[in-house]
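Visitor: Chains as they are written, first to last, in UniProt numbering: chain W, 1 to 465; chain U, 1 to 465.
Be aware that a few hints might be false.
Identical chains share a label here; the pair holds if one copy fits it or two copies do between them.
What the hints assert, rightly or not - Straight-line distance between alpha carbons at most 20 Å, and here's what the computed DMTMM-like set of lysine to aspartate or glutamate pairs gives:
#1 K281 to E361
#2 K281 to D217
#3 K192 to E277
It should be emphasised that the hints constitute simulated quantities derived from the structure, not laboratory data.
2 protein chains.
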Amino acid sequence: MTVEADVRAFIQANGDAFFADLAEWLAIPSISIDPDRADDVRRSADWIAGALRRAGFPAVEVWPTAGHPAVFAEWPAAEPDATTVLVYGHHDVQPVDPVELWDTPPFEPTVRGERLYARGASDDKGQMLFHALAVRAHLAVTGRSAPAIHLKLLIEGEEEAGSPNLDSLVRGHADRLACDVVVNSDASMWSKDVPTTCTGMRGVVGARIVFRGPSSDVHSGSFGGAVRNPLTELCRVLARLHDDQARVAIPGFYDRVAEITEAERDLFGRLPFDEREWLAKARSRVAYGEQGYTTLERVWARPTAELNGIWGGHRGPGLNTIIPSEAGATVTFRLVAHQEPLEIQHAVRRWVEDLTPPGIEAQVEFYADGVRPILTPLGHPALGAVTRALERAFDREVLYTREGGSGPSAVLRDVLGAPVVFVVMTVPDDAYHGPNEKVEMPLLLKGAEAVAYLWDELASPGELR
Amino acid sequence: MTVEADVRAFIQANGDAFFADLAEWLAIPSISIDPDRADDVRRSADWIAGALRRAGFPAVEVWPTAGHPAVFAEWPAAEPDATTVLVYGHHDVQPVDPVELWDTPPFEPTVRGERLYARGASDDKGQMLFHALAVRAHLAVTGRSAPAIHLKLLIEGEEEAGSPNLDSLVRGHADRLACDVVVNSDASMWSKDVPTTCTGMRGVVGARIVFRGPSSDVHSGSFGGAVRNPLTELCRVLARLHDDQARVAIPGFYDRVAEITEAERDLFGRLPFDEREWLAKARSRVAYGEQGYTTLERVWARPTAELNGIWGGHRGPGLNTIIPSEAGATVTFRLVAHQEPLEIQHAVRRWVEDLTPPGIEAQVEFYADGVRPILTPLGHPALGAVTRALERAFDREVLYTREGGSGPSAVLRDVLGAPVVFVVMTVPDDAYHGPNEKVEMPLLLKGAEAVAYLWDELASPGELR
């Protein structure tokens with residue numbers, strides 16, 4: 001028998017028990033943004049802590065935060081110089097409204113065919129629990145009493161609330177969380193037929209730009225045409241955010257941008273991208289963006305500036321003939337490696353100041369420090385290990401994606417100084433965040449299988465950092 | 001004795017009675033936008049109707065409208081082919097809040113020095129009532145039993161509410177209101193030491209432009225950079241409303257604009273304009289507008305485009321990382337002779353359509369038909385008659401102003417086909433619309449005097465239309 005056959009047999013034999021356990025966990029409505037569910041989030045933490053203990057983890061702790069608790073579990077390798085791996089995910093879930101759109105109650109897990117329906121089935125309880133099955137398969141097949149790598153799990157309880165305490169949690173426990181590589185299991189794969197792993201996430205900087213003109217609204221008949229209108233001037237500046245090739249026109253914005261490599265571009269190009277399907281998800285009729293890049297490259301590998309909102313003067317029905325006293329807008333910049341949020345903030349501020357005309361007072365504020373982008377290059381040994389593990393599990397070529405959004409991985413990478421790789425089994429039609437969230441049950445078992453291989457692959461991966 | 005000495009003597013002799021009458025009228029709180037004051041507006045109409053009858057007008061009628069009543073008075077000339085003059089003004093007043101800022105109660109008329117304080121003292125009851133005194137002086141001094149012109153007065157009751165029924169009122173009574181010239185007594189003079197008359201008012205077109213992109217808000221991390229953002233595109237279009245010389249950049253916008261004449265420019269230039277005072281009123285730090293024109297020319301004699309409000313996506317605190325589904329703005333265009341509101345609407349619509357990129361659906365709506373500008377050229381005989389009448393009353397040179405705003409005069413001009421001239425005795429520091437509204441009592445008497453001359457001057461003015 002091959003190792004693969006042994007791993008599959010073990011996982012198959014334990015599949016029913018795995019899904020029974022998962023259903024128990026999914027029945028706990030651990031909605032982190034709902035204050036009335038705080039006890040449930042706590043119960044959810046306790047549940048996964050117990051499950052990890054039953055799986056054999058010698059050390060499992062529930063870590064309090066200023067909000068909801070996280071769970072930390074650790075299973076040291078026998079070898080003192082083994083690679084240390086930190087798995088990241090979360091045990092809290094999204095709200096369920098509009099609950100009337102669910103075919104079965106969100107916290108009564110229901111199997112239909114090969115799918116398990118419940119809030120949290122894919123995001124992220126299913127992907128967390130397969131790690132408990134994976135390490136048991138790894139041990140059973142290798143005959144080890146401890147994993148080939150020093151295994152740590154961090155399962156936070158506030159990811160769906162924006163991880164407000166993750167930074168202080170990670171900094172406060174940096175010694176316990178120290179690792180050589182982070183395995184993120186909170187993202188999605190291309191599709192169930194196209195196994196992929198994610199190589200990076202965009203960072204983000206959020207800005208609020210306010211222009212002030214007259215000290216109060218003044219009549220546009222009496223004064224129109226003879227003083228600066230802050231709303232007009234704001235539009236004139238925001239219109240210059242992009243050039244005619246849809247590139248961000250802020251000086252210095254692209255200075256540190258790592259160009260997409262030909263290899264990555266080729267691999268992205270092999271993904272079965274269907275523009276019509278994508279446009280349906282984007283609720284748009286035409287694709288449009290930076291010239292010279294495909295849609296996937298634009299959302300994954302290129303930085304952007306997007307206006308998120310604007311306000312100023314009259315809104316609503318009717319006319320109000322004023323020159324408004326002020327106008328403002330929020331803009332988010334998505335960043336790619338190796339843009340630095342603080343440098344981008346500086347560039348944005350200087351750009352606004354340079355374009356602000358006399359008679360207008362500009363104010364530029366940023367929402368916190370922003371989030372740095374993460375990118376694990378294709379040649380990275382940790383990514384190689386993940387690729388091999390997935391290829392063994394799926395028996396087919398593994399391709400690469402990135403995420404256009406921004407996530408907590410950057411905190412782990414920055415604080416712990418470790419590269420981030422992804423083992424994720426959620427697929428886009430799993431409706432995470434929406435009604436009728438589900439998970440493909442065979443994929444969760446593939447996830448367990450892939451991770452069982454991954455601990456071997458990472459035991460001697462080459463230079464990780 | 002000269003005619004002037006006789007007129008002055010008559011007005012002087014009747015001044016106390018005039019102000020006693022005015023105080024009685026000012027005590028009626030005829031606030032047209034306050035539904036609780038409808039009875040008071042009605043009482044105000046009845047009061048001025050009675051006062052005009054007492055002054056000798058042979059025909060006085062209270063005309064109902066869908067809102068508040070107007071008053072019409074008529075005093076035919078003895079000569080059947082006499083010039084017909086329609087005086088326009090209003091008997092309703094602005095609200096009084098914040099009432100605590102008034103030094104004396106707004107509806108308890110109070111004399112301090114040469115000033116009479118009350119809501120409506122200058123806008124517009126004082127300027128209406130002096131017409132009753134003026135016609136009596138005109139008759140007394142000329143020895144006529146009927147005025148030298150066929151005199152009509154229209155005193156509406158909804159001007160401060162935007163004259164919502166004026167158009168239908170004027171159209172419904174067009175035969176009764178037919179005239180050769182309209183004398184508007186609802187505007188302001190430069191200052192009490194600088195007698196002026198107004199030669200025109202700007203017209204207005206109000207537009208609402210909405211851009212629609214994705215059929216619902218979408219996540220700016222997942223889709224940002226790869227679809228059109230309707231807010232960004234709206235800003236890009238609105239930024240092109242003006243060129244770098246602050247001219248409106250809509251093709252055809254200036255096609256019909258009557259350039260200010262050198263004579264008018266010279267006369268405007270002789271007004272004692274103080275930019276610091278003007279900026280204080282504009283609540284602005286610097287003047288800015290179309291290159292090649294002074295501030296007064298910009299607000300009086302040049303057309304403009306002003307953004308009055310904008311909306312779209314997130315507003316308020318915090319970030320919301322979306323590409324908004326739609327964004328919109330309101331814009332008002334102030335027009336000068338001989339721009340046509342419907343042509344401007346057409347030009348605006350075509351301009352927006354031409355600039356709307358693929359993937360964006362643009363919607364352009366206009367608020368009613370707009371208001372046409374009015375302009376009575378400096379050489380017009382009616383303006384000559386007003387100028388001579390004012391010069392006789394003030395014993396000094398009369399200069400010219402215009403109004404940046406838009407008013408009901410355009411309705412009278414358009415429906416009745418008559419030129420509009422202005423005899424106005426309000427001055428900018430009269431605080432009409434604000435707390436402590438007042439009127440300069442000697443100016444009201446000057447107004448009566450000027451109008452007493454004006455009926456003679458207009459008796460044979462030359463070709464009026």
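Visitor: How would you classify K281 and D217 at a CA-CA limit of 20 Å: within, between, both, or neither?
Guide: The answer is between: 11 Å across copies meets 20 Å, while 41 Å in one copy does not.
Visitor: Could you place K281 and E361 in one of the four classes (within, between, both, neither) given a Cα distance threshold of 20 Å?
Guide: Between copies only: 18 Å across, 40 Å inside.
Visitor: When no copy is specified for K192 and E277, does a C-alpha distance of 20 Å or less occur within a copy, between copies, both, or neither?
Guide: Classified as within: same-chain Cα gap 16 Å, cross-chain 72 Å, threshold 20 Å.
Against the hints set out earlier in the document, no violation occurs for any number.
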